[in-house]
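The listed protein sequences correspond, in order, to chains U and P.
As numbered in our numbering, residues 1247 to 1580 make up the first sequence, in order.
As numbered in our numbering, residues 1247 to 1580 make up the second sequence, in order.
Simulated from the structure, these hints should not be mistaken for lab results.
Take the hints with a grain of salt, since some may be wrong.
The list treats identical chains as interchangeable, and a pair is accepted whether it falls inside one copy or across any two copies.
[Unchecked claim] Calculated pairs, SDA-like style, for lysine to any residue (alpha carbon to alpha carbon, straight line, at most 25 Å): (1) Lys1249 - Phe1304; (2) Lys1375 - Phe1430; (3) Lys1377 - Glu1340; (4) Lys1552 - Asp1266; (5) Lys1249 - Ala1523; (6) Lys1522 - Asn1551; (7) Lys1377 - Thr1259; (8) Lys1359 - Lys1534.
Number of protein chains: 2
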Amino acid sequence: MDKILLGHGSGGTLMHRLIDEITAPSFDMIELNDSATVNLPHSRLAFTTDSYVVSPIFFPGGNIGDLAVNGTINDLAVVGAVPLFLSVGFILEEGLKIDTLKEIISTMSKSAKEAGVSIITGDTKVVDKGKGDGIYINTSGIGYIPDGIDLGIHKVKSGDKVIVSDMIGRHGIAVLAERNGLSFEPPVISDTTSLNKLTASILDIKGAIKMMRDPTRGGVATTLKEIALQSRLNIEIDERLLPIPPAVNGACELLGLDPLYVANEGLLIAIVDSKKANEVIEVMRRQKISKNATIIGEVLEPQKNKDSLVIMNTTIGGRRVIDMLTGEQLTRIC
Amino acid sequence: MDKILLGHGSGGTLMHRLIDEITAPSFDMIELNDSATVNLPHSRLAFTTDSYVVSPIFFPGGNIGDLAVNGTINDLAVVGAVPLFLSVGFILEEGLKIDTLKEIISTMSKSAKEAGVSIITGDTKVVDKGKGDGIYINTSGIGYIPDGIDLGIHKVKSGDKVIVSDMIGRHGIAVLAERNGLSFEPPVISDTTSLNKLTASILDIKGAIKMMRDPTRGGVATTLKEIALQSRLNIEIDERLLPIPPAVNGACELLGLDPLYVANEGLLIAIVDSKKANEVIEVMRRQKISKNATIIGEVLEPQKNKDSLVIMNTTIGGRRVIDMLTGEQLTRIC
C-alpha cells in the first residue's frame, strides 16, 4: 500500500495501521486516545485535536460547525476532562459563500456557548478553487481533569457493564441520506451534541465510571473492539438490547450498512462498575440527550490463550464476532 | 463581497476584515494575536492554532511538515511562552503517496525534537481525490508563560527600537520559486525554523523586550502596521537598514514583489527598550538563526490627530507610507 486511500480516514483498521506504523512512532503520542493528557506544574490538562471534512457541510440536525465544536468537546469529556478552551482553524475553498461561512460560525458560537466552552484562538487559510470542498475545520481543545478522576483502560475489569447513552447510528445515516438525496420517514437527524454535561453528571457517581469513549468514525463496533484489544478482555453484547431507531435500521438495510459501524456524534459508551450500572442509567435517562441509555452488554475474561473478542449474541440466537471497520464504509462522515 | 477570495487567506486587509467582522465577534478571541493566553488555576498557558496549506509541499529549505511545527512553536514563542505540546491534524487527499507522508512526518518529528516540544495528540482525515491538494496540516500548541513575563502592545512606547532577527523575505521567495520552476543564483532557501530558543535568550535580558511577533503571511510590512495600529503609535524604519538578501531583492524585482510583504517563517520582530537594544542585538547575533539581527527603526509619537502610520525612509531620501498587504500577493505560502 503506497497511496492514501479513502479508507485511511474511516476510523477502522487502515487508519489504525497508519497511526501505529507511521504517525505514533514519529511523535510523542502518549495514549492513542481521543485526548492527550499532560501534567503541567500544578494542573492536569487534556489536549485534543480533530479536523472536520464532512460532506455535505449541512445535514439534518447540524452542520460542519457544531460537529467541529461538539466533537472536540466530546474528545475532552470522555477522558474525564472539563473542556475549557477551543481553537478553530478554517481551510476555506476559494468561492465559498461568505453567508455560508457566517452560518457555520454562528452555529459554532452557539454550540460552544451551550457547552460552556470558549473559542479563544483561530486561523484562516484559503485554498484555490478545486483544491478543497467548501470548508474544512480543525478544532483543538484543552480542558482540565479534576482531582480524583482516574479513568482508563487499566480500570476495566471482567464483570463491568457496557452502557450506550442513546440511540445508535443517527449521525452517519443523516449525513449519508443528505449526500445521496435520500429521505427516510421519519427522517433521521444527526445526534451531534456536546457530552460534557452528561459525562460530568455520571462522574459524580463515586467509583462508577471505569472509562468512556465516543464512538464516532467506525461506530460502536470499532470502539468496543478497541476497548477489548486494549484491555485484553472480551466484550459481549446482546443485539436485542441495542437501541437502534427503526429508521436507522431501515436505512441500513436499504444501503447495505451495519448500524454498529455507523458514526455517532453525540453518543457515549461507558464501561461501568456493575454495582453502579443502574444508578448510571438512571442519571443518564434524566437528561434529554441520553434518555434512551441502555446496558448493552458486559466485559468478560477471554478464553484462555485466545485473543480478546467482541461477541454479539444475535436476535436469532447466534453468536457473531464483531471486528473493527475495514476500509471505507462511510467516508467524510465527520 | 459574498464569496471567499484567495486574498482572504493572505494575511492582509481582506483577512483582517474577515476576522474583525465575522470570526472574532462570534467567538471569544481575547486578543487577535498569534496565541491566546488563558489563566488556569495555577499557571498561565498560551494556546494557538494554525493550518498549513503551502503549495508546493516541498520547497528549498523545508516542507509543509517543519513549517507546521515551527510555525506553531513560533506563535507560542512570540507571546513569551515556553512551547510544550503540539497536536497535529492531517487532511490527506486520496492518492497521496505514503512515502510522501512519511517524509513529512519524519521532518515534523525532527523539528519538534530540535525545538524541545512534544507532539502528543493527532487526527487524520482523508478527502476524495480532487478535494484537497496532497496534504494540509493543522498544528495547535500549548505552552506556559513563565512568571514575570509581561509582553504586549501596552508596553510599547515612543522611542522603542524595532529589531528584525535576520534576513527578510526568504520563505516566500523560496516557495514561489519552487512553485513556478524558477531558480535563482544563489538559491533562496526558506528560513523556516523554530524561534523559541531565540526568544527565551532575549527574554533573559531584564526589561528589554516590549513585544514580539513573527512576520509570516503579509510580511514585515503587515506586522509593523498591525503593531502601529494596535499601539496607536508611528513606526519609522530605514530602508537602508533592512537586511534583505541580494537574491531576494533580485527575485522580487523580477516578480514585481516587495520584500517587505513577502512571508517569513523563522524571523522575529521585537520591539525593544532603546537602552537595551544593543544588548539584544548582541545576544541575537551570537545565534546562528539571528546572526544578521538589525535595528531597522523605532517607535514614534504619531502626528497630532492623525492615524498611526508606518513610514519608511527610502534609500533615495524619500518617505514612503507602508500599509498592510491588500488582497493576494502570495497565496498558499504557509
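Status of the hints after comparison with the structure:
no., hint, verdict
1, Lys1249 - Phe1304, "between (30 Å within a copy, 18 Å between copies)"
2, Lys1375 - Phe1430, "neither (33 Å within a copy, 30 Å between copies)"
3, Lys1377 - Glu1340, "both (9 Å within a copy, 12 Å between copies)"
4, Lys1552 - Asp1266, "within (22 Å within a copy, 59 Å between copies)"
5, Lys1249 - Ala1523, "neither (45 Å within a copy, 52 Å between copies)"
6, Lys1522 - Asn1551, "neither (31 Å within a copy, 70 Å between copies)"
7, Lys1377 - Thr1259, "between (27 Å within a copy, 23 Å between copies)"
8, Lys1359 - Lys1534, "within (18 Å within a copy, 46 Å between copies)"
The structure fails hints 2, 5 and 6 (numbered hints given earlier, in ascending order).
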